[in-house]
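S.K.: Start from the sequences, fold in the hints, and give me the full structure.
Those protein sequences? They're chains E and V, same order as listed. The opening residue of the first sequence carries number 1 in this note's numbering; numbering runs sequentially from there. The opening residue of the second sequence carries number 1 in this note's numbering; numbering runs sequentially from there.
Accuracy of the hints is not assured; some may be wrong.
[Said to hold, decoys possible] Computed cross-link-like contacts, DSS-like style, restricted to lysine-lysine with a CA-CA straight-line distance of at most 25 angstroms:
#, chain 1, residue 1, chain 2, residue 2
1, V, LYS3, V, LYS70
2, E, LYS55, E, LYS66
3, E, LYS14, E, LYS55
4, V, LYS73, V, LYS104
5, E, LYS64, V, LYS104
6, E, LYS66, E, LYS20
7, V, LYS73, V, LYS3
8, E, LYS20, V, LYS104
9, V, LYS104, V, LYS3
10, V, LYS104, E, LYS66
11, E, LYS64, E, LYS14
12, E, LYS41, V, LYS104
13, E, LYS41, V, LYS70
14, V, LYS16, V, LYS70
15, E, LYS66, E, LYS14
16, V, LYS104, E, LYS55
17, E, LYS20, E, LYS64
18, E, LYS55, E, LYS20
Quick caveat, the hints were computed from the structure, so don't treat them as lab data.
Next come the chains, spelled out residue by residue.
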Amino acid sequence: GAVVSQHPSRVICKSGTSVKIECRSLDFQATTMFWYRQFPKQSLMLMATSNEGSKATYEQGVEKDKFLINHASLTLSTLTVTSAHPEDSSFYICSAQTRAEAFFGQGTRLTVV
Amino acid sequence: AQKITQTQPGMFVQEKEAVTLDCTYDTSDPSYGLFWYKQPSSGEMIFLIYQGSYDQQNATEGRYSLNFQKARKSANLVISASQLGDSAMYFCAMREGPMDSSYKLIFGSGTRLLVRP
Chain E
1 GAVVSQHPSR
11 VICKSGTSVK
21 IECRSLDFQA
31 TTMFWYRQFP
41 KQSLMLMATS
51 NEGSKATYEQ
61 GVEKDKFLIN
71 HASLTLSTLT
81 VTSAHPEDSS
91 FYICSAQTRA
101 EAFFGQGTRL
111 TVV
Chain V
1 AQKITQTQPG
11 MFVQEKEAVT
21 LDCTYDTSDP
31 SYGLFWYKQP
41 SSGEMIFLIY
51 QGSYDQQNAT
61 EGRYSLNFQK
71 ARKSANLVIS
81 ASQLGDSAMY
91 FCAMREGPMD
101 SSYKLIFGSG
111 TRLLVRP
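M.R.: The following block contains the structure:
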């Protein structure tokens, strides 16, 4: 089946630095990818929709200057958490979809210290 | 209003028994889809089963089956012959609108299932 690879799986960074998370669709082209955030023991909350070749669409309340999304090719979307702070610590997970199924990356656990 | 509701924050089941995880949804769109995902402690989201709003029969995938009651707007997941490895968080999700590759998924709050030996 289709696979989505997300990297890194874990990252610890200092407050004020930026962190880039990559999401790749390995065996299919994804014109659209999605980025979710999940706090401990909570559900997945959609942050933004990443569109290949155009600007991402952000959900209400998500700071687009804080969470930069780039979808430069049909197989790669990146999420950059800029000037990270401890409150940005969370589990970030991407997905890419076909018509019948949504495939998720392995997720990235971000800890900002 | 909640679009996807999972009313069971936690469930226990004895190994080898069946368990039903509840999910109700709210939409006015005639075209929608319902998904169930399993999330173990590692965090990955594992696709289990899908039911389209126009599907005539309830979806089944191995030990997983979906009890789809359209009039009641419920899509409960039934896991038969529970195994210890089924212990995980389970999320119900809904797609609204046409089935192309850009649909959004809306997730329920999840149910944590613990299988007892």
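S.K.: Give a verdict on every hint.
M.R.: Now for the hints, and whether the structure bears them out:
1. Using a Cα cut-off of 25 angstroms, the hinted pair LYS3(V) and LYS70(V) holds, with the two alpha carbons roughly 15 angstroms apart.
2. For a cut-off of 25 angstroms, the pair hint linking LYS55(E) to LYS66(E) stands: about 14 angstroms separates their Cα positions.
3. With a CA separation close to 28 angstroms, the supplied pair LYS14(E) and LYS55(E) exceeds the 25 angstroms bound.
4. For the proposed pair LYS73(V) and LYS104(V), the alpha carbon gap of about 19 angstroms is at most 25 angstroms, so the pair holds.
5. For a cut-off of 25 angstroms, the pair hint linking LYS64(E) to LYS104(V) stands: about 18 angstroms separates their Cα positions.
6. The suggested pairing of LYS66(E) with LYS20(E) holds, with an alpha-carbon distance near 12 angstroms, which does not exceed 25 angstroms.
7. A hinted pair counts as satisfied when its Cα atoms are at most 25 angstroms apart, and LYS73(V) with LYS3(V) qualifies at roughly 11 angstroms.
8. Among the hinted pairs, LYS20(E) with LYS104(V) is consistent with the structure: their alpha-carbon atoms are about 23 angstroms apart, no more than 25 angstroms.
9. A hinted pair counts as satisfied when its Cα atoms are at most 25 angstroms apart, and LYS104(V) with LYS3(V) qualifies at roughly 13 angstroms.
10. At roughly 22 angstroms between alpha-carbon atoms, LYS104(V) and LYS66(E) fall within 25 angstroms of each other, so this suggested pair holds.
11. Straight-line distance between C-alpha atoms of LYS64(E) and LYS14(E) comes to about 21 angstroms, which keeps the hinted pair within the 25 angstroms bound.
12. Simply put, LYS41(E) and LYS104(V) have alpha-carbon atoms about 22 angstroms apart, close enough for the 25 angstroms limit, and the pair holds.
13. Restraint check for LYS41(E) and LYS70(V): not satisfied, since their Cα atoms lie roughly 29 angstroms apart, outside the 25 angstroms limit.
14. Restraint check for LYS16(V) and LYS70(V): not satisfied, since their Cα atoms lie roughly 29 angstroms apart, outside the 25 angstroms limit.
15. A threshold of 25 angstroms between alpha carbons decides the hint, and for LYS66(E) with LYS14(E) the separation of about 16 angstroms falls inside it, so the pair holds.
16. Only pairs whose Cα atoms come within 25 angstroms are accepted, and LYS104(V) paired with LYS55(E) is accepted, the gap being roughly 17 angstroms.
17. The hinted pair formed by LYS20(E) and LYS64(E) meets the criterion: a straight-line CA distance of about 14 angstroms does not exceed 25 angstroms.
18. Among the hinted pairs, LYS55(E) with LYS20(E) is consistent with the structure: their alpha-carbon atoms are about 17 angstroms apart, no more than 25 angstroms.
In this structure, the earlier hints numbered 3, 13 and 14 are contradicted, and the remaining ones agree with it.
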